[in-house]
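> Listed below are the residues making up each chain.
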Amino acid sequence: MKITGTFIDEITHDIPSQNWGPDEWAADFKVMRSIGIDTVILIRSGYRDQAVFNSWALRKHRPMLPARQNLAELFLDLAGQNNMKLLWGIYDPGDWEIDGRQALDINREFMNEVHEHFAGHEAFAGWYLTFELSRHDPQHVELVLDSGRHAKKLTPDLPTMISPYISGKKAPPGMKPIPRSQHEDEWRKIFQKIKECVDIVAFQDGHVDFLEAPEYLVLHSRLAREAGIACWSNVESFDRDMPIKFPPIDWRKLEYKIDVAREAGVDKLITFEFSHFMSPNSVLPAARNLFNRYCERFKLNIEDPNSNRHGQT
Amino acid sequence: MKITGTFIDEITHDIPSQNWGPDEWAADFKVMRSIGIDTVILIRSGYRDQAVFNSWALRKHRPMLPARQNLAELFLDLAGQNNMKLLWGIYDPGDWEIDGRQALDINREFMNEVHEHFAGHEAFAGWYLTFELSRHDPQHVELVLDSGRHAKKLTPDLPTMISPYISGKKAPPGMKPIPRSQHEDEWRKIFQKIKECVDIVAFQDGHVDFLEAPEYLVLHSRLAREAGIACWSNVESFDRDMPIKFPPIDWRKLEYKIDVAREAGVDKLITFEFSHFMSPNSVLPAARNLFNRYCERFKLNIEDPNSNRHGQT
Amino acid sequence: MKITGTFIDEITHDIPSQNWGPDEWAADFKVMRSIGIDTVILIRSGYRDQAVFNSWALRKHRPMLPARQNLAELFLDLAGQNNMKLLWGIYDPGDWEIDGRQALDINREFMNEVHEHFAGHEAFAGWYLTFELSRHDPQHVELVLDSGRHAKKLTPDLPTMISPYISGKKAPPGMKPIPRSQHEDEWRKIFQKIKECVDIVAFQDGHVDFLEAPEYLVLHSRLAREAGIACWSNVESFDRDMPIKFPPIDWRKLEYKIDVAREAGVDKLITFEFSHFMSPNSVLPAARNLFNRYCERFKLNIEDPNSNRHGQT
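In order, the protein sequence lines correspond to chains A, B and C. Residue numbering for the first sequence follows my numbering, starting at 57 and increasing by one per position. Residue numbering for the second sequence follows my numbering, starting at 57 and increasing by one per position. Residue numbering for the third sequence follows my numbering, starting at 57 and increasing by one per position.
So here's chain A without its partners, still in its complex pose (with noise of 0.2 Å):
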């Protein structure tokens, strides 16, 4: 079972950009249609001052730099140009603990505009939530909610998906972890209130010790599969415990999490993400590394232009 899907992490708050222009990300999809990669996800198409476009609506609520470069076209394009769906992730504004009310009415004119635009492209295929769940925390469901009703108003028949995180051993700072017996409690009852409107849950895979990590996807595959809601795996393809934040995973650790994801039963595998950290054409040479690995072990012949001798990238 292999990895078919990738976030893509262009407007971004954390990740250090690659400083990609058209070519770039041209050969970098192509790389992912050749390892078996059909469903991109943009991770959000604005926060705070920046988006992938220059949308009125956007500007409309606040100021906002200038996107030269339409991101939002180029990604459309190459994925239909590569046959894949493209899931649109809409706008976070950086802080939903101050702006949860404004974040709703941001996003529903956004995605209004959205909608007109973009989704009559072919490779359009739904949408992502770009909240990040963890907690039963009814302000933060309202969101998820809010805007999975409106992007089921605008797209009756196409997916929303989100990623939510596990508040575990390794839940972000801030956040306190949990026993699983309550994180089981709390998703229980936000999949019962989100499948109104929520078609795919993929929950983040890094933030439990390596080898809970079984029985976490086991529990969500099967509140998901109660719930209706199909069970994706977000299967982080960069390293937590590193002093770096954050490098491209060590191979062994990835390999483990797609095999403990299948055996759970999981029904697809995504990452977060390919262009920067298991990509050839990544500036990380670690993750040039780790595709040749993930090649290796499902025995996908690629070349990797990069390389000009055996082990050296």
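Don't read these hints as lab results, they were simulated from the structure. Do not rely on the hints blindly, as some may be mistaken.
Stated by the list, open to error - Here are a few chain B residues that face chain C, going by a calculated C-beta distance under 10 Å: (1) Ser73; (2) Asn75; (3) Gln106; (4) Gln195.
This one's a predicted model, so the numbers in the text were calculated from it and none came from an experiment. Every residue gets a Cβ at the ideal spot worked out from N, C-alpha and C, and that includes glycine.
Got chain A; can you put chains B and C on it based on the hints?
Quick look at chains B and C alone, frame taken from chain A:
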């Protein structure tokens, strides 16, 4: 309006060494010249126990590590060969709170030594006063004044330069952000003091939100003009917004900052700094891509010798 | 005096993986041999839930991640093929405060297993006792003693090694710096205890100011000689002075540390570690440049297969 100056940061306190030898430096100066850089600014010629040459003045005051390679000569020679001017950054004792008085005493003797040995070089074009001002702290201003006066005594006809920072939203740890009105008040006073012996002020552009940058740039231009001082902008080519301190900046941010600086009417654009963050020779591949984006924008036909095909670096 | 030994850090806790496979490792051992490295030291063969091979002894004590590639065999074979000795680093439970007793119990059984399976290999040349001492803490010293005695019981004729650190100005977070006189007192006591079963002590050289290094190196040499223990220096090839933890060290610092170690009369120089921080095969291009500087200094004519022209790596 292109970037026509760059710092050189080879006595560094927070940017890892690229471990270049004379050949690598020669290659990089050649690239600099090819994109129109006419000025290099040594950010400092000594820091704590390290210096660009074996200085007797520094050794008199404190134990120093050996400098086996005379980088002062190397950089002056390379600047001369490429028809560039070099502004010489003075000694930084590392902690000016403690060492304020000492910093002055050491630097007077050190500058005498530098003057005697290097000021006759064709590329030696003035002094960079390495102390980074931000607030109207009389003691800090005095440090700049004292070294500036000494520079003028040694070389009355050569310019002196400083590169202050804004105590803005992204101020360094330990610095309290202040409102723009207060920044204006304090810098009006500072400019009136330093105009006696400072010819060029190049504010670092990275400590405020991008959307605030235009107003700060206009303000600095105006205050500098009032004081009869040249106003450059230090268009930082590293990214202050990432957990990794520091990667090359996102091209979209750099392009935006170049444009708003031009619109504010500054006299010249320089960067901190070319060799790590936007050179095709950098150890950071994202810098090589940043170079390509920059050359595309300004229609510079520079062949990147690292590239063997489109989209690869 | 060249560096003739290096750690191998493939079960790591703070250095990101390069994601090398057997071919990349083979290439790197070849380069090591070509510059005169005759000793490799496995820094640890297990850490928490990871190990270099599927050990029944470890699995008996705690759940472990699978080790699909037997790195123990790989490294021993590559060492053998390149006429190198391998010192085997034992198991590190991750937190010796909590797990002191357990660390001893696990390691005795684990060392038995290692002895049975790997000690017959031509390259197996002794043990590295992976616990890093710094202060005269009787419990910590006991950990080293206990594992050292067990090593001597298993292989009376093979050496044992430790690599302690100085609680100096750059001591790790949580460690209080102590004066050199106290370091001397405590280590005189430690040496007298450990000489029973420790043959080689290689202090890490990175926790003091560079200018203090000579006095510490002379001190360690003298104390080791008094105790009849060989004194190596662990010339760290990563930089402890940067915000990024960790980049390759500045060549000027490495050269200085090599020279002062030689002058202090240490018996051998090793480094932590070659493959990430000073190899031409490293994912870190600054390491490739460090390799070039090192080869220039020692007039080693190694062709760097990554280079296609001067100044490019």
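> If a hint holds in the structure, say so; if it does not, say that too.
Hint by hint, here is what the structure shows:
1. Restraint check, serine 73(B) versus chain C: the minimum CB separation of about 4 Å is within 10 Å; hint holds.
2. With 10 Å as the threshold, the beta carbon of asparagine 75(B) comes within range of chain C, its nearest partner Cβ sitting at about 4 Å, so the hint holds.
3. Annotation: glutamine 106(B) was flagged as interfacial toward chain C, and the flag holds, the nearest CB pair being 7 Å apart, inside 10 Å.
4. The beta carbon of glutamine 195(B) comes no nearer than 26 Å to any beta carbon in chain C, farther than 10 Å, and the hint placing it at the interface is violated.
Hint violations for this structure: number 4 only, all remaining hints satisfied.
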